[in-house]
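S.K.: One-letter residues, chain by chain:
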Amino acid sequence: MDFSFTEEQTLLRNSVQKFVQNGYTFDMRRAIAKSEAGWKRENWKQFAELGLLGAPFAEDFGGLGGGPVETMIIMEEFGRGLVIEPYLGTVVLAGGFLTHGGSKAQKEQFIPEIVEGKRVFAFAFAEPQGRYNLADLAVTAKKSGAGYTLNGHKAVVIGAPWADSLIVTARTGGGQRDEKGVSVFVVDKKAKGVSCRDYPTVDGLRASEITFENVALGADALIGPEGEGLPLVERVVDEGIAALSAEAIGGMKVLNDTTVEYCKTRKQFGVPIGKFQVLQHRMVDMFMNYEQSVSITFMVTLKLGESDVERRKAASAAKVQIGKAGRFIGQNAVQLHGGMGMTDELNVGHFFKRLTMIDTMFGNVDHHLKRYASLD
Amino acid sequence: MNLDFTPADETFRKEVRAFIAGAIPKQLKGKSRRQYEGKHDFLAWHKALYEKGWVAPSWPKEYGGTGWTSTQKYIFSEECAAADTPMTLPFGLAMVGPVIYTFGNEEQKKDHLPKILSGERWWCQGYSEPGSGSDLASLKTTAVREGDHYIVNGQKTWTTLAQFADWIFCLVRTDMKAKQQEGISFLLIDMKTPGVTVRPIITLDGAHEVNEVFLDNVKVPVKNLIGKENEGWTYAKFLLGHERAGIAGVARSKRGVERLKTLAGAEQDGAGKKLIDDAMFARNIAELEIDLLSLEFTELRTLARESKGGHGPEASILKIKGTDIQQRLTELTLEAIAYYGSPYQPFAHDKMTNEYVPGPDYSHGASQNYFLTRRTTIYGGSSEIQRNIIAKMVLGL
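Heads up: the sequence lines are chains A and B, in that order.
Numbering-wise (this note's numbering), the first sequence opens with residue 0 and increments by one.
Numbering-wise (this note's numbering), the second sequence opens with residue 347 and increments by one.
You may find that some hints are simply not true.
[Unchecked claim] Covered by chain A, according to a simulated footprint, are these stretches of chain B (three or more residues, beta-carbon under 8 angstroms):
(1) 542-555
(2) 610-617
(3) 714-723
[Unchecked claim] Simulated crosslink set (DSS-like; lysine-lysine; CA at most 27 angstroms straight-line):
(4) LYS583/B with LYS274/A
(5) LYS377/B with LYS393/B
(6) LYS179/A with LYS620/B
(7) LYS266/A with LYS583/B
(8) LYS607/B with LYS323/A
(9) LYS252/A with LYS39/A
(10) LYS33/A with LYS377/B
(11) LYS398/B with LYS360/B
(12) LYS398/B with LYS419/B
(13) LYS525/B with LYS274/A
(14) LYS274/A with LYS667/B
(15) LYS274/A with LYS486/B
(16) LYS456/B with LYS569/B
(17) LYS372/B with LYS398/B
(18) LYS369/A with LYS620/B
(19) LYS189/A with LYS117/A
(20) LYS263/A with LYS486/B
(21) LYS385/B with LYS455/B
(22) LYS274/A with LYS738/B
(23) LYS398/B with LYS385/B
(24) LYS393/B with LYS375/B
(25) LYS619/B with LYS323/A
(26) LYS607/B with LYS369/A
(27) LYS525/B with LYS263/A
(28) LYS375/B with LYS385/B
(29) LYS738/B with LYS263/A
Rather than coming from a laboratory, the hints here were simulated on the basis of the structure.
C-beta: ideal position from N, C-alpha, C; glycine also.
Working from the sequences, and respecting the hints, build out all of it.
M.R.: Rendered as structure tokens:
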């Protein structure tokens with residue numbers, strides 16, 4: 000057993016840290032979020048130059064040949080800077096679908112484009128009626144000649160306004176919530192019949208409601224086996240959960256450090272408020288919540304390659320811990336900062352909002368408690 | 347002990363219900379407060395109540411109150427919440443009004459009280475300062491006497507809706523040498539006086555409700571002093587403890603639970619059932635509802651005791667539990683709507699061109715409400731300060 004990082008991994012962390020410190024100060028992040036585009040393509044180019052966009056991919060495709068640990072390092076550091084650019088959607092999720100389910104041709108076409116920063120993806124999976132059930136799909140892909148015709152509505156597709164391509168889950172058979180009949184497609188956002196309504200999200204990102212109206216897909220748009228795509232979706236989403244957990248611990252650390260620092264300097268009743276035991280214990284609880292979250296993030300990261308059941312349990316366990324800790328730390332960081340914690344001006348509220356949205360993404364605490372319990 | 351309403355109470359309830367149904371301002375129907383477009387929207391309901399003579403149920407009758415029993419006040423707040431009426435703002439009606447009719451002189455009463463009732467004079471509260479939050483008595487804004495005037499200098503913060511205010515009531519330091527609590531005075535300041543500057547503070551949900559108010563050599567007539575110089579802390583404490591009824595927000599939270607049930611009945615659980623039939627979510631709602639029921643009866647016990655002349659620091663329990671429940675309510679609402687908690691709902695004051703908000707109506711702004719409601723355990727004495735009060739005043743620790 001060894002929880003240490005290799006020299007390469009430490010170098011990777013240093014380079015992401017450097018990027019965040021210089022290129023993603025809180026003011027810069029705010030400016031990016033408020034810009035018309037809502038993200039910064041220049042940053043994406045820099046990610047490509049730093050090798051971040053190729054971190055988890057095989058060297059054959061121009062990648063660095065890394066794995067879940069590299070993703071964890073990058074996402075944790077991004078979490079500290081509240082990085083907006085769609086690394087999760089493009090590298091972790093779309094990259095995961097291509098790596099685990101893509102054909103040779105799909106890999107050869109798309110992975111180098113991701114690595115070079117030439118193609119951005121978004122993952123369109125949620126639907127208005129489906130809550131957190133990845134198999135609850137009203138979007139359909141009907142067989143049509145050699146290919147498929149795509150119809151339906153995908154909800155809250157994070158990063159879609161910036162994407163060139165979408166990874167879309169759709170039903171090719173079975174009933175609305177059947178495990179069988181789920182398929183995964185890659186869809187060009189500019190394809191005829193794809194329409195997007197874009198909007199900002201509360202955590203400073205952008206998303207779209209996407210409607211597909213008789214979108215013609217070739218046979219080569221299918222990723223993985225037709226009708227048997229659910230295990231692939233679950234696997235990639237579990238990897239997404241591991242990455243989100245890493246992002247979350249990055250944010251939690253900033254909140255805890257900021258809160259402790261504030262309580263050491265803010266004086267009321269003639270003393271720094273950190274002298275009050277009731278606040279000390281609160282900060283100790285925040286600290287323990289963070290430590291437990293780091294531990295479970297390591298755990299899920301290291302278990303992504305295990306059997307389906309083990310991986311699912313690990314991902315759900317992580318999502319529960321991260322969701323609870325994110326809520327506790329976020330709420331109390333605001334509370335201990337008092338009125339200042341409520342302002343848009345301070346970074347505290349922004350981390351709180353992001354942690355809140357991470358709790359929802361891919362299923363909240365209650366959802367994953369149930370999933371975990373059902374896996375025994 | 348009994349829980350019955352008298353036939354007179356039931357008649358009163360019918361009268362209130364009928365009035366509310368006809369009086370809710372049309373332009374506010376279906377609008378949340380975050381979409382109010384200006385002063386007129388905030389005041390529309392106030393004006394309707396004023397015309398009926400019901401705008402200040404807790405005021406003594408001689409100053410324009412209703413003379414209702416505490417049961418009638420309870421019924422009134424229940425009915426307002428049930429009908430989702432807008433809320434009247436507390437700064438004039440619940441805060442400075444009672445201070446003026448209790449400690450002000452005749453001239454002050456005559457000048458201010460009618461205009462608070464009519465809504466003609468909008469008030470804001472100048473208490474907190476950048477360095478004085480929980481430790482309010484350490485405030486540094488000074489008022490130095492020069493002939494018939496005070497010259498006021500300092501900065502107030504977290505001043506809610508100061509951008510619309512005509513007047514501000516301020517705690518200012520008039521004796522720099524006295525012990526903290528003993529050198530404070532309660533001063534009324536016209537916001538139009540030269541030297542008063544309002545700067546917006548945007549909160550984490552994107553709203554502009556609070557402000558900084560800068561006071562730079564503001565010349566305030568001595569006749570605007572409430573009561574005696576250096577006795578302001580007494581009036582401030584009176585004000586903080588005054589409005590017990592309503593501090594817990596029980597009626598509004600009960601309505602909130604109903605709304606939560608309605609939307610959990612409209613949301614699907616992803617497994618073929620409605621969210622409200624999901625055992626875990628149903629349990630969450632039930633827990634919240636039971637907590638609220640306990641609080642409702644704690645409040646009723648408090649009111650009953652007060653009507654018999656009793657007095658205690660129960661206001662702190664009502665505030666701690668009331669705000670805890672309000673926060674939990676917004677949290678569960680956000681949980682219920684899942685991914686549709688993500689879209690940002692622009693405000694009337696936002697300059698964003700894209701006003702499109704996806705998802706069902708009940709999801710709009712739900713996460714922003716959750717974020718904003720975090721302030722309730724901070725303002726008006728944080729939950730930590732309220733616990734200190736109970737520890738000291740009730741438990742004698």
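S.K.: Give a verdict on every hint.
M.R.: How the hints compare with the structure:
1. 542-555: Result for this restraint: holds, n = 6.
2. 610-617: Held - the stretch 610-617 of chain B has 5 residues with a Cβ nearer than 8 angstroms to chain A, which meets the minimum of three.
3. 714-723: Coverage by chain A holds for the stretch 714-723 of chain B (7 residues, Cβ < 8 angstroms).
4. LYS583/B with LYS274/A: holds (26 angstroms)
5. LYS377/B with LYS393/B: Holds, at about 18 angstroms.
6. LYS179/A with LYS620/B: holds (23 angstroms)
7. LYS266/A with LYS583/B: Holds - the C-alpha atoms of LYS583/B and LYS266/A are around 22 angstroms apart, at most 27 angstroms.
8. LYS607/B with LYS323/A: holds (23 angstroms)
9. LYS252/A with LYS39/A: Since the Cα atoms of LYS252/A and LYS39/A sit roughly 25 angstroms apart, the hinted pair holds (cutoff 27 angstroms).
10. LYS33/A with LYS377/B: Answer holds: LYS33/A to LYS377/B is near 26 angstroms, not above 27 angstroms.
11. LYS398/B with LYS360/B: holds (15 angstroms)
12. LYS398/B with LYS419/B: With a Cα-Cα distance of about 15 angstroms, the restraint between LYS398/B and LYS419/B holds, given a limit of 27 angstroms.
13. LYS525/B with LYS274/A: holds (23 angstroms)
14. LYS274/A with LYS667/B: Answer holds: LYS274/A to LYS667/B is near 26 angstroms, not above 27 angstroms.
15. LYS274/A with LYS486/B: holds (23 angstroms)
16. LYS456/B with LYS569/B: holds (13 angstroms)
17. LYS372/B with LYS398/B: holds (17 angstroms)
18. LYS369/A with LYS620/B: holds (16 angstroms)
19. LYS189/A with LYS117/A: holds (15 angstroms)
20. LYS263/A with LYS486/B: Roughly 22 angstroms between the alpha carbons, so the hint for LYS263/A and LYS486/B holds.
21. LYS385/B with LYS455/B: Judged against 27 angstroms, a Cα distance of about 24 angstroms means the pair holds.
22. LYS274/A with LYS738/B: holds (19 angstroms)
23. LYS398/B with LYS385/B: Holds. LYS398/B to LYS385/B sits at ~20 angstroms (cutoff 27 angstroms).
24. LYS393/B with LYS375/B: Holds, at about 16 angstroms.
25. LYS619/B with LYS323/A: holds (25 angstroms)
26. LYS607/B with LYS369/A: Distance ~21 angstroms between LYS607/B and LYS369/A Cα, so the pair holds.
27. LYS525/B with LYS263/A: The hint holds at about 26 angstroms.
28. LYS375/B with LYS385/B: holds (16 angstroms)
29. LYS738/B with LYS263/A: holds (25 angstroms)
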